[in-house]
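Peer 1: Modelling step: build the complete structure from the supplied sequences, incorporating the hints.
Top line first, the protein sequences correspond to chains A and B. One point on numbering: in the numbering used here, the residue at position 164 of the first sequence is 164, and numbering is uninterrupted. One point on numbering: in the numbering used here, the residue at position 340 of the second sequence is 664, and numbering is uninterrupted.
For the record, the hints were derived by calculation from the structure and aren't laboratory data. Hints may be right or wrong, so weigh each one.
Capping the alpha-carbon separation at 35 Å, the derived lysine-lysine pairs in DSBU-like fashion look like this [as the list claims (entries may be wrong)]:
#	chain 1	residue 1	chain 2	residue 2
1	B	447	B	536
2	B	611	A	63
3	B	611	B	698
4	B	826	B	814
5	A	96	B	536
6	A	96	B	504
7	B	664	B	826
8	B	435	B	847
9	B	681	B	664
10	B	617	B	698
11	B	504	B	547
12	A	96	B	528
13	B	482	B	427
14	A	63	B	845
15	B	617	B	664
16	B	547	B	814
17	B	664	B	592
18	B	504	A	63
Note that the structure is predicted; figures quoted are calculated from it, not measured.
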Amino acid sequence: MLTYIIRRLLYSIVVLVLASFLVFTFVTYSGDPLAGLRISPNVSELTVQNVIERKHLDDPIPKRYLYWVQDAVTNEFGTTLLDNRPILPELWRVMKHTLQLVLAVQLLVIIFAVLIGVYSAIRQYSPFDYTMTGFSFLGLATPVFWLALMAQVVVVQIYERTGHRLFPIANLSDVDPGTGIHFWIDRAHHLALPVLVLMVAGIAGYSRYMRAAMLEVVNSDYVRTARAKGLSERRVTMKHALRNALIPLVTLVALDFGTILGGAVVTETVFSLDGMGLYFINALLANDPYPVMAFLMITAVMIIIFNLVADIAYGLLDPRVRYD
Amino acid sequence: MRNRSVWLLAGLVLVASLIIGPATAAPQKATAGTVVFIHDQEPPNLQGPWVGNNLYATALVLNNIWYGCQIRDATAAFVPRLCVARPKLVKSNPLTIQLEYKKSAVWSDGKPVVAEDLYATWKVYTNPANNVISRTGWEDISSMTRGNSKKVTIVFKKIYADWESLLSAGHYAAHVIAGKTMNDTFLTSVPVSSGPWLFQSLQKGVQITVRKNPRFTAGPQMKLDRLVFRYILDTNSRFQALKAGEGQVMEPQPQLQIADFMKDSKFKVDTKVGYTYEHIDIQFGAKGHPALKQPYVRQALITGMNRAQVAGVLYGEIAPGLPSLQSLLFKPFETASYKKNFAARPFSQKNVISLLKSKGCTGGPDTPSRGNDKIFSCPNVGKLSFRFHTTTGNQLRALTFEIIQQQLKSVGIELQPRFQTGGVMFGTTLPSRDWDLMLFAWVGSPSSSITAKDIYGCGGDQNDGAYCNRALTKVLEKVSATLDAGERAKLLNDAEAKYMVKDIPSIPMFARPLFVINQNKVKGPVVNPTQEGSPWNINQWTTS
Numbered sequence: 001m002l003t004y005i006i007r008r009l010l011y012s013i014v015v016l017v018l019a020s021f022l023v024f025t026f027v028t029y030s031g032d033p034l035a036g037l038r039i040s041p042n043v044s045e046l047t048v049q050n051v052i053e054r055k056h057l058d059d060p061i062p063k064r065y066l067y068w069v070q071d072a073v074t075n076e077f078g079t080t081l082l083d084n085r086p087i088l089p090e091l092w093r094v095m096k097h098t099l100q101l102v103l104a105v106q107l108l109v110i111i112f113a114v115l116i117g118v119y120s121a122i123r124q125y126s127p128f129d130y131t132m133t134g135f136s137f138l139g140l141a142t143p144v145f146w147l148a149l150m151a152q153v154v155v156v157q158i159y160e161r162t163g164h165r166l167f168p169i170a171n172l173s174d175v176d177p178g179t180g181i182h183f184w185i186d187r188a189h190h191l192a193l194p195v196l197v198l199m200v201a202g203i204a205g206y207s208r209y210m211r212a213a214m215l216e217v218v219n220s221d222y223v224r225t226a227r228a229k230g231l232s233e234r235r236v237t238m239k240h241a242l243r244n245a246l247i248p249l250v251t252l253v254a255l256d257f258g259t260i261l262g263g264a265v266v267t268e269t270v271f272s273l274d275g276m277g278l279y280f281i282n283a284l285l286a287n288d289p290y291p292v293m294a295f296l297m298i299t300a301v302m303i304i305i306f307n308l309v310a311d312i313a314y315g316l317l318d319p320r321v322r323y324d
Numbered sequence: 325m326r327n328r329s330v331w332l333l334a335g336l337v338l339v340a341s342l343i344i345g346p347a348t349a350a351p352q353k354a355t356a357g358t359v360v361f362i363h364d365q366e367p368p369n370l371q372g373p374w375v376g377n378n379l380y381a382t383a384l385v386l387n388n389i390w391y392g393c394q395i396r397d398a399t400a401a402f403v404p405r406l407c408v409a410r411p412k413l414v415k416s417n418p419l420t421i422q423l424e425y426k427k428s429a430v431w432s433d434g435k436p437v438v439a440e441d442l443y444a445t446w447k448v449y450t451n452p453a454n455n456v457i458s459r460t461g462w463e464d465i466s467s468m469t470r471g472n473s474k475k476v477t478i479v480f481k482k483i484y485a486d487w488e489s490l491l492s493a494g495h496y497a498a499h500v501i502a503g504k505t506m507n508d509t510f511l512t513s514v515p516v517s518s519g520p521w522l523f524q525s526l527q528k529g530v531q532i533t534v535r536k537n538p539r540f541t542a543g544p545q546m547k548l549d550r551l552v553f554r555y556i557l558d559t560n561s562r563f564q565a566l567k568a569g570e571g572q573v574m575e576p577q578p579q580l581q582i583a584d585f586m587k588d589s590k591f592k593v594d595t596k597v598g599y600t601y602e603h604i605d606i607q608f609g610a611k612g613h614p615a616l617k618q619p620y621v622r623q624a625l626i627t628g629m630n631r632a633q634v635a636g637v638l639y640g641e642i643a644p645g646l647p648s649l650q651s652l653l654f655k656p657f658e659t660a661s662y663k664k665n666f667a668a669r670p671f672s673q674k675n676v677i678s679l680l681k682s683k684g685c686t687g688g689p690d691t692p693s694r695g696n697d698k699i700f701s702c703p704n705v706g707k708l709s710f711r712f713h714t715t716t717g718n719q720l721r722a723l724t725f726e727i728i729q730q731q732l733k734s735v736g737i738e739l740q741p742r743f744q745t746g747g748v749m750f751g752t753t754l755p756s757r758d759w760d761l762m763l764f765a766w767v768g769s770p771s772s773s774i775t776a777k778d779i780y781g782c783g784g785d786q787n788d789g790a791y792c793n794r795a796l797t798k799v800l801e802k803v804s805a806t807l808d809a810g811e812r813a814k815l816l817n818d819a820e821a822k823y824m825v826k827d828i829p830s831i832p833m834f835a836r837p838l839f840v841i842n843q844n845k846v847k848g849p850v851v852n853p854t855q856e857g858s859p860w861n862i863n864q865w866t867t868s
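Peer 2: Written out as structure tokens, the structure reads:
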């Protein structure tokens, strides 16, 4: 196992180096990061030249890449292009916010998806199963940005008609969020709408996996044997079927977790949540390659780590899996 | 197994709590004197006009902290603030200016605003180590009064026509910035203020809060207790947040959603045409289409575009009656200077066809027709088919293109779309001069006409269309050294009518309208088309 992990980590370093160089090259070629500065009235050539020299913008791309690697390794991803802001403290801040969102979404999605998936499987072709199947397809087919906008419209309409604001529709906290428990209640209130929006697609997807895995398990020989031994249906379902049916879902959740830590870009933008996704969009809009690179590297590392976690978890949960 | 699961869950919760960390302390509780101002862009820091921070969003926060000798009101006229009266022009050669600060002009820490503050500000802008966005004007100063005097005399090395704007810029507090490395100062807070509000807090990614400066006596004090700038990137969300009462004031870009607020009795919408204007630049250089070097082709282009119709279609609902722009040098807002010089080039599709035919062009239609697909070819310059560049992701520009493409196609001129991201278009394509026509906006200011030589003068820094008329350039150079605003306007209008309307270096489309929307319970906000923004009159804002 240890050898396997070490080998995977070594591969990952190679993947990261190659990915970082390719991404750096593409980001660099995507446009002139000083375009905005050049067309600003009264900006002197000296000002533009200072930035070019500070960030080595007139060097060839491989050399610039090496400067970036040096910054990333020794100077915590360095600073932003124009105003020299340190990148890492900002990334930590937005990562915390994204983690709050993602943990809440994943936890609720797993609970609901498992319940729906299991119940749909043991009551296959029942009205509940058909209804949930219908909702799942609807949830999977609905674009998140549209759902987010509609959720905002509904909240605003309710506010305009009743004067009662169910949920805040933007930002992470109130103007005066308070401290301690009040702060966290306010935060939960602000995250409620984005969490609900993200839950729709999550539950739709995971519940289908759960249903399929459960159906496969409940029709297997060992479950039939458990029933033949005279165990109660509840015990058969919870103790024998569910635990085995959860294995593919655990793997899937671990794989997804790494990806969504990169930020729910659309949801964070629509709800103006100060997370990884919004940070990425702002960096792109500012045409600043350095925070974009830092974001992409952190996301890549997360994905690699959680892929490894998924593989390890799969091996731990399923004794048939062995690593060479 | 169950115990293991419980421990695992507890461990996860503990790790998550450590990562997420403790909450930051909250500012004071909301009071009736709080107004929330929703804005699209968050200032990256509080440095002011620094490289990477030359943003309107930053100016909105800092204008009322670093106050100027005078500010521009909603008509863009100068109004004294820290100064007793508007600065006086004492001598033209060398240019010498005198100003006097009010006795009541004090910093929020009790120290008086004095000559040393303006001197320190001058040194900040001229220090080559500081990454200020622009040193224009400051570097033309040769000497200035120092010390604790309330009276200041400024002598320039050469004539700087826009000296009044320079003295409207906010002053730094000399006693606060002494010994500081300015590139690393005021990143997250500003300790003092000479204006009506004080910086209170910054919650990165969410909001900036400013509160009333109780020591401000150089002018009327704020009636509000505080103003909170809340940052929402998404356009729809900003409008929804305003409707949901999460904010009370907003300065939106021209968007169709504004029409809803115009009909809603709970909101007030104020609008005014601003200084930023959309135009179509024409390429005169070697990489541009050879036909564009022919005056009759440029004349055909402007005559074939119904610019009034474009403005009507784009802004009919939210700014009815928005006129097309008839000058490249002044905006309709500048009533004293604006002359409709380009009205001499009225829309006429018939005239385009007869003009092109009279120059020997062939292959085009005989009469204007919507379904026409015949394109003119002209002697020695080929087919009148032009690459048309503009930015992606801007619906109004896309619509502008579609309308004028159809209008010109009707008269036998073809436009081929070349949409690019702003970064590529402004960073690569525009300076490369490898384009024919380009639609974009110049962000203008009350002083833009003084520096028109940069855009329309031969070899101007921002003259990427490679247009050159020596006689015009001479006039534009004279303008930049003319101190009298009335004389400057006359020189510019005469030159525009005489040279630019004939040469057509660029096609003016329209000046963008500006908007302020506020809940009715907030009184006071009105559009200020300058960098001051709507909070220029914050002392008049109230909320019930």
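Peer 1: Hints numbered earlier in the text: which of these fail when held up against the supplied structure?
Peer 2: Going through the list in order, the structure violates hints 14, 16 and respects the others.
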